[in-house]
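Based on the hints, put chain B in the right spot on chain A.
For reference, the chains in residue letters:
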Amino acid sequence: DAKTTQPNSMESNEEEPVHLPCNHSTISGTDYIHWYRQLPSQGPEYVIHGLTSNVNNRMASLAIAEDRKSSTLILHRATLRDAAVYYCILMSMNYGGATNKLIFGTGTLLAVQP
Amino acid sequence: GAGVSQSPSNKVTEKGKDVELRCDPISGHTALYWYRQSLGQGLEFLIYFQGNSAPDKSGLPSDRFSAERTGGSVSTLTIQRTQQEDSAVYLCASSLSGQGAFEKLFFGSGTQLSVL
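Keeping their order, the protein sequence lines are chains A and B. Using this note's numbering, the letters of the first sequence correspond one by one to residues 1 to 114. Using this note's numbering, the letters of the second sequence correspond one by one to residues 1001 to 1116.
Simulated from the structure, these hints should not be mistaken for laboratory data. Fair warning: there could be bad hints in the mix.
[Said to hold, decoys possible] Derived pair list, reagent style DSSO-like, types lysine-lysine, alpha-carbon separation capped at 30 angstroms:
hint : chain 1 : residue 1 : chain 2 : residue 2
1    : B       : K1104     : B       : K1057
2    : A       : K3        : A       : K69
3    : A       : K3        : B       : K1057
4    : B       : K1104     : A       : K3
5    : B       : K1104     : B       : K1011
6    : B       : K1104     : A       : K69
7    : B       : K1011     : B       : K1057
8    : B       : K1015     : B       : K1057
9    : B       : K1017     : B       : K1057
Just chain A, same shape as in the assembly (with noise of 0.2 angstroms):
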C-alpha cells in the first residue's frame, strides 16, 4: 500500500480555517484519497474522499495536487469540536479478492484555541 506523510500535530484558532497537508508521492493512478478523523474516546468518522477533483461536502472540502502527490483537507472555520486526530489514507481499488482495508498511520493532532 502506497504510504502518507502528514504532520503531527498543528494549532488553528477557533472560526479560522485549517489547511491540513497530506504528502502521497507514490500514489498509484488508481488510489483514492480518504481522510477520516478520530474525536477523543470515539471511533474513527469518514470525513471526505477523491481522487483527481477537488472535492467539498458538508463537513470539509479536499484540494488534490495536479500530480496527485499531495492533498489538502481544508476545514473552512475550525470549532473547537473540530479538534481530533486527521487521518489521510490512500485506499486502492479492490480487483476482487483483495482486502478494501484502510491502513492508517499516525496522523494529525489538531487543537483548536477558542
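Below, chain B without anything else, positioned relative to chain A:
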C-alpha cells in the same frame, strides 16, 4: 440500528482469561473489519470479513486471537488466555460491499479492554 454497535463498551479481565467482543454492523453491510488501538497508538488492522468468510486475517497478532461472523451480520472477536499487552480499544467497522476504493467505512465506538 443506525450505526455500528459494539459491546461491551468496557471490559476488565484478569490475565489468562478468555474474552469475547461483539460487533453489530450496519444492516446490509457485507464487509466487516476489526481494528485495535493501543494507548496513544494508531489503528492496527486485525481481520476483514466479506460475508461470513475472512479472506484477510493478516493482522491477527497471534493464534490466541480469532474471529467469526455469522449470518453475514454479527461478528465476535475472541481473545484466549489474555495478556496485559492485549489491553487496547478494539474497534469494529463495516462497509457496504468492501469492493470499492471509494467506499466509506463506518466505525463503532469500540470496546475498551483492560487486562489486569
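**Message:** Let me make sure I understand: some of the numbered hints might not hold for this structure. Which ones are they, in numerical order?
**Reply:** none
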